[in-house]
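Colleague: Sequence:
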Amino acid sequence: MHRDEHAAPSPDDEQPPVPHPAGEWVVLVPVKPPARGKSRLLGLDDDARRELAAAFALDTVAACLAAPGVARVLVVTDDAGFAASLGALGASCLPDGASGDLNATLRQSAAEARRRWPDLRPVALCADLPSLRAADLATALARIGAPGAPAAAFVPDAAGVGTTLYAAPHASFEPRYGGPSRHAHLDAGCAELADAPLTLRHDVDDLVDLQAAVALGLGPRTTEVVAALRLF
Numbered sequence: 001m002h003r004d005e006h007a008a009p010s011p012d013d014e015q016p017p018v019p020h021p022a023g024e025w026v027v028l029v030p031v032k033p034p035a036r037g038k039s040r041l042l043g044l045d046d047d048a049r050r051e052l053a054a055a056f057a058l059d060t061v062a063a064c065l066a067a068p069g070v071a072r073v074l075v076v077t078d079d080a081g082f083a084a085s086l087g088a089l090g091a092s093c094l095p096d097g098a099s100g101d102l103n104a105t106l107r108q109s110a111a112e113a114r115r116r117w118p119d120l121r122p123v124a125l126c127a128d129l130p131s132l133r134a135a136d137l138a139t140a141l142a143r144i145g146a147p148g149a150p151a152a153a154f155v156p157d158a159a160g161v162g163t164t165l166y167a168a169p170h171a172s173f174e175p176r177y178g179g180p181s182r183h184a185h186l187d188a189g190c191a192e193l194a195d196a197p198l199t200l201r202h203d204v205d206d207l208v209d210l211q212a213a214v215a216l217g218l219g220p221r222t223t224e225v226v227a228a229l230r231l232f
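Under full-length UniProt numbering, think of the first position of the sequence shown as 1, with each following residue one higher.
Please keep in mind that the hints were generated in silico from the structure rather than gathered at the bench.
In this text the structure is predicted, and so the values were computed from the model without any measurement.
A virtual CB, placed ideally from N, CA and C, is assigned to each residue, including glycine.
Just so you know, not all the hints are guaranteed correct.
As the list claims (entries may be wrong) - Here are the computed distance ranges between Cβ atoms for each label pair:
1. A104 to L231: 31 to 39 Å
2. A35 to F232: 23 to 31 Å
3. G90 to P180: 18 to 26 Å
4. G178 to D47: 23 to 31 Å
With these hints in hand, go ahead and build the complete structure from the sequences.
Modeller: Here it is as structure tokens:
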């Protein structure tokens with residue numbers, strides 16, 4: 001994603017912004033290569049963890065694409081093969097130029113989204129929300145985008161420690177993911193949607209989280225993998 005400002009423009013640079021369907025949001029979804037994701041799913045072998053991580057991301061992205069108000073989904077991943085699977089759903093993909101720093105990844109992807117779709121508002125979303133429903137995401141985005149709403153807002157995770165969603169205008173897009181990010185976003189003056197639907201707050205890091213997600217209802221890909229692995 002790093003670019004040489006002195007380099008000749010590429011063919012993409014010379015094209016006008018890409019038109020998009022009706023909607024005001026571009027959802028930014030950072031996705032670790034499934035082979036490296038979900039190391040805290042203890043008791044499972046590498047293949048099982050990889051299958052689950054991939055299913056979580058696919059179900060999350062599919063829910064985003066189906067959400068009213070979402071015009072585009074931009075996935076950031078260094079796994080070219082998995083990017084093809086995400087692209088088949090309808091997402092746009094680009095490689096991660098700052099894979100060791102999630103917040104830098106999100107800032108760079110927001111800048112790329114602004115270049116491609118300058119009239120869309122950026123919102124960052126975790127890729128491990130296998131229970132996410134399109135309607136629940138749409139409800140949260142409608143609140144965040146309502147007239148008079150605070151410029152920057154976030155959704156805390158179910159534990160009340162981390163963050164699953166962050167939205168702000170391009171000019172002030174400064175996500176603070178990592179560790180106790182809920183407090184970091186509050187300290188930065190972001191509005192908290194503490195009562196957002198649980199499907200939007202319940203990220204999955206371990207098998208306990210996954211079992212709770214089963215109770216909420218899983219997306220079709222995660223449902224299939226959980227059944228095949230006979231986890232619960």
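Colleague: Indicate, hint by hint, whether the structure satisfies it.
Modeller: Structure-based check of each hint:
For the pair A104 and L231, the beta carbons lie near 34 Å from each other, so the given range of 31 to 39 Å is met. Between A35 and F232 the beta carbon distance is about 24 Å. The supplied range of 23 to 31 Å therefore holds. Between G90 and P180 the Cβ separation comes to about 34 Å, which falls outside the hinted range of 18 to 26 Å. At about 28 Å, the CB distance of G178 to D47 agrees with the hint of 23 to 31 Å.
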